[in-house]
Amino acid sequence: GAGVSQSPSNKVTEKGKDVELRCDPISGHTALYWYRQRLGQGLEFLIYFQGNSAPDKSGLPSDRFSAERTGESVSTLTIQRTQQEDSAVYLCASGTRGYNEQFFGPGTRLTVL
Amino acid sequence: SQQGEEDPQALSIQEGENATMNCSYKTSINNLQWYRQNSGRGLVHLILIRSNEREKHSGRLRVTLDTSKKSSSLLITASRAADTASYFCATDAWAGGTSYGKLTFGQGTILTVHP
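Protein chains in written order, with this note's numbering: chain E, 1 to 113; chain U, 1001 to 1115.
Calculated directly from the structure, the hints in this document are not laboratory data. Ideal Cβ positions, reconstructed from N, Cα and C, are used throughout, including at glycine. Don't take each hint at face value.
[Said to hold, decoys possible] 20 Å max Cα-Cα, derived SDA-like pairs, lysine to any residue:
hint	chain 1	residue 1	chain 2	residue 2
1	E	K17	E	L60
2	U	K1102	E	T96
3	U	K1026	E	T76
4	U	K1102	U	T1067
5	U	K1102	E	E85
6	U	K1102	E	T30
7	U	K1026	U	T1112
8	E	K15	E	I26
9	E	K11	E	S66
10	E	K57	U	A1093
11	U	K1056	E	K17
12	U	K1102	E	V74
13	U	K1069	U	E1055
14	E	K57	E	G40
15	E	K57	U	K1102
16	U	K1102	E	K11
17	U	K1102	U	S1039
18	U	K1102	E	N100
19	U	K1026	E	G59
20	E	K17	E	G71
21	E	K11	U	S1039
22	E	K11	U	G1042
23	U	K1102	E	K17
24	U	K1026	E	F45
25	U	K1070	U	S1028
26	U	K1102	E	S58
27	U	K1102	E	E14
28	U	K1102	E	F45
29	U	K1102	E	R69
30	U	K1056	U	H1045
31	U	K1102	E	T76
[As the list claims (entries may be wrong)] Residues from chain E shown here face chain U by an in silico Cβ test under 7 Å; the list is partial:
hint	residue
32	G42
33	Y48
34	L60
35	D63
36	N100
37	F104
38	P106
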């Protein structure tokens, strides 16, 4: 497909479990972003990858959150020892450097019981 | 606080009316963008206006930018029920002669257009 894809679309987990969320960006996009959106809220920046540069992790809320990206392809966001406050929609976006328009995936709705 | 802050938080209008949403920001920017989100998912890029532009049009959308006041407005003319969505502004900060490329989103305006 031509757009950003994310998997799973929904994830229900128990408190204390680890979860891994996946993002497939648009081919050729060097920039990749992860955001979190709580119900009725705006987007909360988590992490930003740009090419082979060191990622900007300034938005990660705690050391339970981490993300990786291999080159300019797939990215995974991992949340360890999930808490109920981690429940949110996790959105991934990709873009080209310079132009800065972001193309968003459909998101992963995470529910921590 | 958010770099981009939208005003109003919620707007309710009748079909055919115009809808105006405002966005204020704090730092120098390279560009400002507006996005729409339906049903809590799926953000879609609407329009981008660069810091050296003052007004831009796209179909029924009109965006203005006033860098002296650090504010932008999004006007949707002749609104339709399908325009019901949340609208977010996002800014791309400018520093040291280059764009960092990281967008900062505001909290959004919830627009409801009644048929």
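Here is what the structure says about each hint:
At most 20 Å may separate the alpha-carbon atoms for a hinted pair to count; K17/E and L60/E meet this at roughly 18 Å. Our distance criterion of 20 Å between C-alpha atoms is met by K1102/U and T96/E, whose separation comes to about 11 Å. Under the criterion of a C-alpha separation no larger than 20 Å, the hint pairing K1026/U with T76/E is inconsistent with the structure, at around 32 Å. A hinted pair counts as satisfied when its Cα atoms are at most 20 Å apart, and K1102/U with T1067/U qualifies at roughly 19 Å.
For the proposed pair K1102/U and E85/E, the alpha carbon gap of about 25 Å is over 20 Å, so the pair is violated. With a CA separation close to 13 Å, the supplied pair K1102/U and T30/E stays within the 20 Å bound. The straight-line distance between the Cα atoms of K1026/U and T1112/U is roughly 28 Å, outside the 20 Å bound, and the hint therefore fails. Note on K15/E and I26/E: the hinted pairing is violated, with a Cα-Cα distance of about 32 Å set against a maximum of 20 Å.
A hinted pair counts as satisfied when its Cα atoms are at most 20 Å apart, and K11/E with S66/E qualifies at roughly 17 Å. Note on K57/E and A1093/U: the hinted pairing holds, with a Cα-Cα distance of about 17 Å set against a maximum of 20 Å. Under the criterion of a C-alpha separation no larger than 20 Å, the hint pairing K1056/U with K17/E is inconsistent with the structure, at around 48 Å. Using a Cα cut-off of 20 Å, the hinted pair K1102/U and V74/E holds, with the two alpha carbons roughly 19 Å apart.
With a C-alpha separation of about 14 Å, the suggested pair K1069/U and E1055/U falls inside the 20 Å cut-off, and the hint holds. Restraint check for K57/E and G40/E: the C-alpha separation of about 24 Å exceeds 20 Å, so the hint is violated. Restraint check for K57/E and K1102/U: the C-alpha separation of about 12 Å stays at or below 20 Å, so the hint holds. Proximity of K1102/U to K11/E is assessed by CA-CA distance (about 27 Å); at most 20 Å being required, the pair is judged violated.
With a CA separation close to 25 Å, the supplied pair K1102/U and S1039/U exceeds the 20 Å bound. Between K1102/U and N100/E the alpha-carbon distance is near 8 Å, which keeps this suggested pair within the 20 Å criterion. Taking the CA atoms of K1026/U and G59/E, the gap is near 19 Å; set against the 20 Å cutoff, the hint holds. Distance hint between K17/E and G71/E is unfulfilled; the C-alpha atoms sit about 28 Å from each other, more than 20 Å.
Our distance criterion of 20 Å between C-alpha atoms is met by K11/E and S1039/U, whose separation comes to about 18 Å. For the hint pairing K11/E with G1042/U, the CA-to-CA distance comes to about 17 Å; that is within 20 Å, so the pair holds. Taking the CA atoms of K1102/U and K17/E, the gap is about 31 Å. The hint is violated against a cut of 20 Å. The hinted pair formed by K1026/U and F45/E meets the criterion: a straight-line CA distance of about 17 Å does not exceed 20 Å.
Among the hinted pairs, K1070/U with S1028/U is consistent with the structure: their alpha-carbon atoms are about 8 Å apart, no more than 20 Å. Using a Cα cut-off of 20 Å, the hinted pair K1102/U and S58/E holds, with the two alpha carbons roughly 11 Å apart. Between K1102/U and E14/E, the direct Cα distance comes to roughly 33 Å. Violation of the 20 Å bound is thereby established for this hinted pair. This hinted pair checks out: K1102/U and F45/E have alpha carbons roughly 9 Å apart, not beyond 20 Å.
Taking the CA atoms of K1102/U and R69/E, the gap is near 17 Å; set against the 20 Å cutoff, the hint holds. Distance check on the hinted pair: K1056/U and H1045/U sit about 14 Å apart at the alpha-carbon level, within 20 Å; holds. A distance of roughly 19 Å separates the Cα atoms of K1102/U and T76/E; the hinted pair therefore holds under the 20 Å criterion. Here the hint on G42/E is kept, as its CB sits about 4 Å from the closest CB of chain U, short of 7 Å.
Below 7 Å, beta-carbon pairs count as interface contacts, and Y48/E has one with chain U at about 5 Å; its hint therefore holds. Interface restraint check for L60/E: the shortest CB-CB distance to chain U comes to about 14 Å, outside 7 Å, so the restraint is violated. At about 21 Å, the closest approach between the beta carbon of D63/E and any beta carbon in chain U exceeds 7 Å, and the interface hint on this residue is violated. Interface restraint check: N100/E against chain U, minimum CB-CB distance 5 Å, threshold 7 Å, status holds.
Because the smallest distance between the Cβ of F104/E and any Cβ of chain U comes to about 4 Å, under 7 Å, the interface hint for this residue holds. About 6 Å separates the beta-carbon of P106/E from the nearest beta-carbon of chain U, less than 7 Å, and the hint is met.
Comparing the model with each earlier hint shows violations of hints 3, 5, 7, 8, 11, 14, 16, 17, 20, 23, 27, 34, 35; every other hint is respected.
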